[in-house]
Amino acid sequence: MIAVSGLRFRYAGSERPALDGLDLSIGAGEFVGVVGANGAGKSTLCYTLTGYIPHFYAGTLEGDVLVAGHEVRRTPVSELASDAGLVFHNPFNQISGARYTVLEEVAFGLENLGLDPDAMRQQAHAALLATGLADLAGRSPFTLSGGEQQRLAVAAVMAMQPRVLVLDEPTSQLDPAGTRAIFEVLRSLARTRQTTIVITEHKLGWLASFVDRLLVLHDGQLVADGAPRQVLSEAATQPWGVGATNYTRAALEARQRGLLPSAGDLLPVTLEQALETLR
Amino acid sequence: MSEPVRRPSAIEALHPLTKLALMLAAVVAGAALPTIPAVLGVFVLLLVPLAVAGGCLRPFLRTCLRVLTPFLISLLLIQGFFTPGPTVLLRLGPFRYTLEGLLVGLLFSARLLVGMGAATLLMLVTRPDALMRGLVERGLPNQIAYIVITALQIVPTFQARARSILDAQRSRGLETEGPLTVRLRAFAPLVGPLILSSLMQIEERAIALEARAFNRPGRRTSLVALHDTRAQGLLRWALLAAALALVAARLVLWRTA
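Those sequence lines, one after another, are chains A and B.
Per numbering that gives the first Met the number 0, the first sequence starts with residue 0, numbered consecutively.
Per numbering that gives the first Met the number 0, the second sequence starts with residue 0, numbered consecutively.
Derived by calculation from the structure, the hints in this document are not laboratory data.
Take these hints with a grain of salt, some might be off.
[Claimed, not checked] Some chain A residues close to chain B (C-beta under 8 Å, calculated; not the full set): (1) P53; (2) V76; (3) L85; (4) R98; (5) E103; (6) P238; (7) W239; (8) G240.
[What the hints assert, rightly or not] Ranges of calculated distance between the beta carbons of each label pair, as one might list FRET restraints: (9) A161(B) x P116(A): 51 to 61 Å; (10) S8(B) x R186(A): 38 to 48 Å; (11) A240(B) x R73(A): 44 to 54 Å; (12) M199(B) x Q220(A): 23 to 33 Å; (13) L251(A) x I143(B): 58 to 68 Å; (14) R186(A) x R229(B): 48 to 58 Å; (15) G217(B) x R186(A): 14 to 24 Å; (16) T68(B) x Y10(A): 29 to 39 Å; (17) D174(A) x S73(B): 51 to 61 Å; (18) A224(B) x E275(A): 33 to 43 Å; (19) E183(A) x I143(B): 33 to 43 Å; (20) V154(B) x E275(A): 49 to 59 Å; (21) Q193(A) x Q158(B): 38 to 48 Å; (22) D264(A) x M199(B): 43 to 53 Å.
The beta carbon of each residue, even a glycine, is placed where N, CA and C say it ideally should be.
Kindly produce the complete structure, drawing on both the sequences and the hints.
Rendered as structure tokens:
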């Protein structure tokens with residue numbers, strides 16, 4: 000579903016590339032997390048996968064990026080949008096401003112795709128239900144809280160049912176319950192509709208519990224790619240600026256104090272894995 | 000601008016283009032008719048009944064009164080003192096207030112009342128997005144419709160952003176209360192970030208619109224279908240004909256009025 004080879008991108012006026020020689024392949028229905036320190040290239044990767052780079056951001060792009068059968072360099076973003084959706088982290092700026100209710104806002108993209116009104120209503124309602132916004136369908140988008148607007152941004156893109164859904168820190172303003180709801184919806188989309196999900200996040204615990212695969216970007220390069228536990232366990236001891244979950248930190252501390260075997264097993268990254276380690 | 004009336008009414012149920020045609024016909028009639036009673040007749044016999052049918056008579060009259068009052072006062076003063084005429088009603092030193100000036104001021108005020116009343120009523124009984132959708136269906140470019148709707152929605156958004164910037168500046172010790180000089184000094188630290196953040200917001204919103212296939216070529220549909228009837232179509236044509244007839248009458252019969 001996503002095939003990236005030799006991807007290198009440098010923003011105009013920047014000395015070093017934001018992405019530096021990425022090779023990546025993601026299949027249909029995969030739920031993939033992307034982590035990395037600020038400036039590692041996570042957002043740039045999101046923009047590239049959805050065609051905003053090179054169409055809206057000036058710079059030098061090298062390599063090939065194929066998303067849902069589209070070569071992003073040759074496909075206009077508005078055309079790619081039906082197959083590859085992007086949710087970015089500032090929800091307020093994702094409100095179209097052209098619709099007066101939450102329901103209409105979610106349907107805005109579907110109107111642009113020319114969907115039949117009945118199908119549109121059905122898809123919009125399903126997206127609102129999935130994101131817990133059904134009760135707010137009649138409210139003005141501008142009167143919602145930050146967290147509600149973030150869920151609205153997810154619902155608006157989700158309603159368009161893209162084959163690839165890219166989310167750049169979509170839960171930054173959400174509380175734990177809201178974050179869980181979004182992750183559950185995304186996992187369900189990946190499982191039931193075979194939607195390919197790529198999500199950048201700093202909330203490692205949630206990623207560890209939900210995604211199938213985790214990528215680590217460091218200075219624009221892909222430095223780790225694998226199962227979440229394996230990747231986060233390795234990242235905890237590397238200078239990638241990814242950080243570690245509390246369980247991983249506790250296990251590292253326990254290893255240093257000799258309370259756990261010093262090598263061999265992977266470090267735990269979730270509560271379940273920590274409990275298993277203690278057994 | 001006033002919020003649209005939400006409860007359903009006979010006027011609200013009309014197609015937005017029918018409402019637009021009604022209001023434009025009222026404006027043309029107000030501008031074309033030659034006498035004060037005739038112009039006021041448009042307001043009383045057309046706009047007021049429409050406001051009653053729309054269930055928004057009170058906000059309609061309140062808005063008209065609030066907006067018209069300052070214009071009425073200035074028009075009556077300026078026209079009264081500066082329109083020459085033989086019938087002097089009042090002398091203030093070298094200035095003379097004439098009956099002819101008063102009548103001109105009243106006629107202009109009546110026309111303003113009709114024009115402003117029609118615009119107010121249209122806003123009260125029509126959601127801007129429905130009106131724009133109606134116009135897009137008749138060939139208005141989608142991009143222009145978007146600009147109009149967002150322009151109408153941007154004011155509260157702009158105010159909210161200004162408030163948060165003001166709070167941020169206050170938290171860093173900026174004085175915003177007190178005499179005029181203090182308030183003026185606080186203006187620059189508010190306006191700079193407000194403009195810059197708005198420009199950045201525009202760029203990000205443009206990108207977000209692309210993600211929602213805004214510029215995708217091809218057919219567009221609408222979640223809310225606009226209800227139109229043959230009778231309303233005929234009414235719109237009749238209103239157009241009436242407006243043209245009034246303009247013709249104005250040009251031919253009432254040239255001097």
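Now the hints, each set against the structure:
1. P53: violated (13 Å)
2. V76: holds (4 Å)
3. L85: holds (5 Å)
4. R98: Given a least distance of 6 Å, the restraint on R98(A) holds.
5. E103: holds (6 Å)
6. P238: violated (32 Å)
7. W239: violated (28 Å)
8. G240: With a minimum Cβ separation of about 25 Å from chain B (threshold 8 Å), the hint on G240(A) is violated.
9. A161(B) x P116(A): 51 to 61 Å: Check failed, 38 Å falls outside 51 to 61 Å.
10. S8(B) x R186(A): 38 to 48 Å: holds (47 Å)
11. A240(B) x R73(A): 44 to 54 Å: holds (52 Å)
12. M199(B) x Q220(A): 23 to 33 Å: holds (29 Å)
13. L251(A) x I143(B): 58 to 68 Å: holds (60 Å)
14. R186(A) x R229(B): 48 to 58 Å: Because 52 Å falls inside the window, the suggested range holds.
15. G217(B) x R186(A): 14 to 24 Å: This hint is violated: roughly 33 Å between Cβ atoms.
16. T68(B) x Y10(A): 29 to 39 Å: About 56 Å separates the Cβ atoms of T68(B) and Y10(A), which means 29 to 39 Å is violated.
17. D174(A) x S73(B): 51 to 61 Å: Because 55 Å falls inside the window, the suggested range holds.
18. A224(B) x E275(A): 33 to 43 Å: Distance hint for A224(B), E275(A) is violated at roughly 57 Å.
19. E183(A) x I143(B): 33 to 43 Å: 41 Å Cβ-Cβ, so the 33 to 43 Å window holds.
20. V154(B) x E275(A): 49 to 59 Å: holds (57 Å)
21. Q193(A) x Q158(B): 38 to 48 Å: Given about 45 Å between the Cβ atoms, the range holds.
22. D264(A) x M199(B): 43 to 53 Å: holds (47 Å)
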